[in-house]
Amino acid sequence: MQACSTDFSFFQPPKTSKGSVTKPLHFNGQDFSTLLQECLQRKGLFEDDSFPATVESLGFKELGHKSNKVKNIVWKRPKVGGWLGGGV
Numbered sequence: 025m026q027a028c029s030t031d032f033s034f035f036q037p038p039k040t041s042k043g044s045v046t047k048p049l050h051f052n053g054q055d056f057s058t059l060l061q062e063c064l065q066r067k068g069l070f071e072d073d074s075f076p077a078t079v080e081s082l083g084f085k086e087l088g089h090k091s092n093k094v095k096n097i098v099w100k101r102p103k104v105g106g107w108l109g110g111g112v
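Numbering (my numbering), first residue to last: 25 to 112.
Be careful, since some hints might not be right.
Across the chosen pairs, the derived CB separations fall in these ranges [stated by the list, open to error]:
hint : residue 1 : residue 2 : range
1    : 92        : 49        : 34 to 40 Å
2    : 62        : 90        : 33 to 39 Å
3    : 45        : 70        : 18 to 24 Å
4    : 92        : 43        : 34 to 40 Å
5    : 91        : 42        : 32 to 38 Å
6    : 70        : 92        : 26 to 32 Å
7    : 69        : 49        : 21 to 27 Å
8    : 60        : 97        : 24 to 30 Å
9    : 80        : 44        : 31 to 37 Å
10   : 94        : 48        : 25 to 31 Å
11   : 65        : 96        : 34 to 40 Å
12   : 73        : 48        : 15 to 21 Å
I should point out that these hints are in silico values taken from the structure, not numbers from a laboratory. All C-beta atoms, glycine included, are put in the ideal place defined by N, C-alpha and C.
Generate the whole structure from the sequences, applying the supplied hints.
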């Protein structure tokens, strides 16, 4: 088997980006720490209203709800368990 070398430098964010690893930009005003605390308090999983677990979220042209490419896609959710302090 041959070794594979890949240049990942093109994955770098643009220099004009204001986010960083230590201070990321919030998507749609969502803050991970706040969302985590809300989920822990209600003992439930996070569901993103801006990206629902539906086939339509995958796109319309190639991956619309009638496309053969998505007929076997199953949206999986983690089980609420020990990571929420005992489970629900």
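Hints violated by the structure (numbers, ascending): Result: no hint breaks.
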